[in-house]
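Participant: Chain by chain, the residues run as shown.
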Amino acid sequence: MRRTLLVLGLMGLFAVWALGGKVTITFWHAMSEKHSPPLEYLTQKFMEENPDIQVNLVYQGGYGSLSQKLIAAVAAGTPPTLAQQYENWTTQWLEALVPLEDYLDPEVLADIHPKFVEMNTFDGKMLTVPFNKSIIVLYYRADLVPEPPTTWEEFLDLACKLTVDENGDGVPDRFGTGLRPPNPEIFLTFLAQNEGSILSEDMAEVTINNERALETMEFMARLAKCALVQGGYLSGPFGDGLIAMFVDTSAGYPYNLSAAKRGGFEMKVTKVPCHKNCASMVQGTNLGLFQLNQSEEQIAAAVKYIEFLLRPENTVYWAKETGYLPVTVSGFESEAWKAFCEEHPERKAMSEQFLAGGFGQIHHPAYWDIRNAMITYYEAVLRGEMEPKEALDALAEEIKTIIEEY
Amino acid sequence: MQTYAFRRGIGKLLLYVLLSLGALVMILPFLWMLSTSLKDEVSALQMPPQWIPRPVHWENFPRAWSAAPFGRYFFNSFFIAITTTVGEVITTIFAAYAFAKMNFFGKNVLFTIFLGTLMIPGQMLLVPNYVTIKKLGWYNTYWALIIPWTVSVFGIFLLRQFFRTIPDEFWDAARIDGCSRFRYIWQVVVPLSRPGIATVALFKFIGSWNAFLWVLIMTDKVELRTIPVGLRFFMSDVGTNYPLLMAASTMAILPVLLIFLFTQRQFIQGITRTGLK
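In order, the protein sequences belong to chains A and C. Heads up: the first sequence begins at 1090 in our numbering, then just goes up one per residue. Heads up: the second sequence begins at 76 in our numbering, then just goes up one per residue.
For the record, the hints were derived by calculation from the structure and aren't laboratory data. Values in this document were obtained by computation on a predicted structure and should not be read as measured data. Be careful, since some hints might not be right.
As the list claims (entries may be wrong) - DSS-like, lysine-lysine: derived pairs with alpha carbons at most 30 Å apart: (1) 1134/A / 296/C; (2) 1393/A / 296/C; (3) 1123/A / 1350/A.
Make a model of the complete structure from these sequences and hints.
Facilitator: Structural data, given as C-alpha cells:
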C-alpha cells in the first residue's frame, strides 16, 4: 500500500514537472503550403529561446473557414490564444481581445510602422498587430510596356493602345489591362487616390456617391472599355497573353510570376499609377490575442511571442520568405531588407508602394456586407450594365440601409 | 430480316458512340487531374492543355505526401468514413422501417419534422453545433467526428421509400410463423433492400470522405484531421498550387474510386429502384 502511494506520488510530481512548467498557447492560422514553413520556422526558433512556452500552430483551412470557426469559438467563449484576423472580423469581437497597446513593450510598440498602427487601432486603441500584410501594385509585361504608366491618364491611354484586335472579329485578342469585379480593392485604391472614401471619417455618412467617387467610377468605366473583365484570378489570362498589365495584390506575386514564365515573357512590378496621391490598399490579416478563456500566463507568453515576431530580423525573415511586407520601421530600414530589395526590384516596388500610400480597410462591423454590395455595382459598371452615377446612387442607398441595421 | 438486323446494328453503334462520348466527357476532369499532377506549376494551366506532361514530374507525389501528414489523414478519413457508415446504416434501417411499416402516434408529423430539418442550411447550425459539441466535451475527439454523423435524415427518407415497396404480406407470413420484428428486419427486409442500403452506405462513405468544414471546426489537432483538410493546404487566397493539389487529390480519390468500382452494380440499382435521379 505504502509503495503504491509512493509510486502515485512520484507520478504526480512527474506530471507537475512535465506539464506545470510549460505554458501552452494556441495560434489559429490560415497559412497554407507556401507560407506555412516560415511561420513554423520562426515558431520553432521562439520555442527554443523560450523552452517554458509551447506554441501550437493550428492550420484552420482558408480565411473562410477560419472566420467561421472564430465566430463559433468566440460565441462559445473558447477562442484560441492567438488568431489571424481581418479588421472587419476584429470589429465583431472587440471586447474579447487583449488591447495589445497596453501589453507590448513600449519600444516594440513604437517600432510598428505608423500606417499599420492606424490600421490596427479600434476606437482609439491599438488592439491587434500587423501580421501578413500585402499591398496593391501594378504588374506589367516588360516586352509590351517599356515605360510603365505613372498617372491615371497614362494608364488609360496605354491600356487602350495595348488593346488590339488582330483578326478583326470585333473581340480584342489582347487587352491593355484586366479588371476583376470580385476585387473591389482596386476601385478603393483609385478612390483613395482621388481622396474619396466609402463613408465619412466618423462613419455616419455615406460618401460613396459624391463627386470624387463618381469621378473615380467614371475612370473605372473608361478603363473597363480597354480591359478584360472577368471573375477569376488575372494570373490566368496574363499567362495566356490576354492582358498586358494589371493592378493586383503583391501576395499574388509567385502565381503571377509562374503565369509570366508560362507565357514566355518577362514580368515587372511597379507602383500603381497615381492621381491626387499615390494611395494603395493594404490587404492581409493582423494578429489578435484573446482574453476570453486564457490565463495570465498564456497572455504573457503570447505577448512574448508577438514581440518575438516583431523583432526586425524576424519580420524581415518573414517578409523575405513569404512575399509579405515587413511590419516595423526598423524592419523596413534594416540593412538586410534594403539589400534584399536591391536584389529584388519587385520587392522594392512593393515596399515603396506601401511607404508611399498604404491604407487599410474601414473599421465598420458591417464592412463585409458593404464590400459585397460594392462588388455588385462595381461589376455592373465594369460590364457596362449600369452608368457610374446610377450605380453609385444605388450603392449609396444600399450601404445606408446596411449601416442603419447595425 | 437482314435490314432489321442491319438497322439494329446501326442503332447499337450510334448508342455506343453516344455513350462513349458521354463517358469521355465524364472522364476528362479525371484525366486532367492525373495529367496536372505530373506537371510543374508553369505548365499546369496551359491552354490548350498539354495532356501528356513533358517532362513528367513524378516527384509531385512524394512532395504532396510530405507537405502535410497525409498518412494520418488517410487513417482518419478511413476510420471516420467506415464508422459513420456502419453507424448510419444501422440507425437508418430501424428508423426507415418504423416510418415505412409501423404505425405509431404522430408518425407523419414526426416524419415531416424530420424532413424539415433538411431545409436548414448547414452554416446556420454551425455555431449551435460547435457550442453543443464543446459542452458535451467532445471537442477534439473522434466522438465529435463520428456520433453526429451516424444519423441521416436523407438516408432514412431514401430507405423508407425502398421499404415501402416490400409487400406487407411478407410480414404477415413471418408473423404467423412466429418471427419477431427484429428478426424479420434482419432476415427479410435487409436482404431484400440490399441495393438501397448499399446506396445509403455509399453516399455516406463518400460524404464522410469529403467532409471538410465539420472536421476543421470540431478539431484543433493535426492527429484528428482528414484528407480534405490536407487538400486545402495547397490553396491560398491568392492562388493555388495545382500540380501538388492534383497529386494529393489523385491519392485521395483512389480509395473512393476502388469502392465504387466494386459496388457500382448495387449503387446504380439502388438509385433506379428508389426513383431518385
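Participant: It remains to establish, for every hint, whether it holds in the given structure.
Facilitator: Evaluated hints:
| no. | hint | verdict |
| --- | --- | --- |
| 1 | 1134/A / 296/C | 21 Å, holds |
| 2 | 1393/A / 296/C | 23 Å, holds |
| 3 | 1123/A / 1350/A | 19 Å, holds |
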